[in-house]
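S.K.: Sequence:
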Amino acid sequence: MQNGGWKSKRVDLTEVPIHPQLVHFPIAFLLLSFTFDLVGAVRNSDRWNQFGGFILLLAIISAFAALQSGESSEEMLKPMSDSLHEAVEEHENLASTTFFFILVLGIVRGWLQLKERFNSWPRWVYVILIGAGVFMILRVGNLGGKLVYQHGAGVNKNVLVPDSLKYKK
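Just so we're aligned, residue 658 is where the sequence shown starts under the working numbering, counting upward by one.
Since the hints were made in silico from the structure, they are not lab data.
Nothing here was measured: the structure is a model prediction, and the numbers come from that model.
Glycine residues also receive a C-beta, built at the ideal position from the N, C-alpha and C atoms.
Keep in mind that the hints are not guaranteed to be accurate.
[As the list claims (entries may be wrong)] Derived DEER-like restraints, expressed as beta-carbon distance ranges:
| # | residue 1 | residue 2 | range |
| --- | --- | --- | --- |
| 1 | 677 | 742 | 30 to 40 Å |
| 2 | 677 | 739 | 15 to 25 Å |
| 3 | 773 | 739 | 50 to 60 Å |
| 4 | 682 | 803 | 18 to 28 Å |
Construct all of the structure, not just a fragment, from the sequences and the given hints.
M.R.: Listed below in structure tokens is the structure:
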């Protein structure tokens, strides 16, 4: 199929790694959860905090899915250069640390809510800690971006090129 000098082909979705499609969900959910919890703390509103808790659960579930899909995506990168391997390990280690950090925060939050102690200062301590989790997950995303844009991880080296650049006349 020709389209303005570009050749295109059908994309087989089974060839596309799922990790890049999943990684944005935990970032968005964690940011949203933090926002709801911050508003809930400022307004002293249980309703906002309930939304924050529900969205935190979505953040934890989606972070787990992103973490697992990252493991399988790593296998697709082999063999790796030493610099790529180091960058992948840094990304993977921080992603795991961040996942367990927000998981523990979620468990503590759930326990505090069950005991009806998720108020006043515990709520503010939680908001500060979940804010730290937001910075952690943004750093994980930044490292993932560097894997793609600086190391070319997961990028098809046979990118589509205009026909005019393929052949010398």
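S.K.: For each hint, tell me whether it holds in the structure or not.
M.R.: Verification of the hints:
1. In this structure, residue 677 and residue 742 break the distance hint of 30 to 40 Å, their C-beta atoms being roughly 19 Å apart.
2. For the pair residue 677 and residue 739, the supplied restraint of 15 to 25 Å holds, since their beta-carbon distance comes to about 23 Å.
3. Taken as a hint, the range 50 to 60 Å holds for the pair residue 773 and residue 739, whose Cβ atoms sit roughly 53 Å apart.
4. Distance hint check for residue 682 and residue 803: the Cβ-Cβ separation is about 20 Å, which falls inside the suggested range of 18 to 28 Å.
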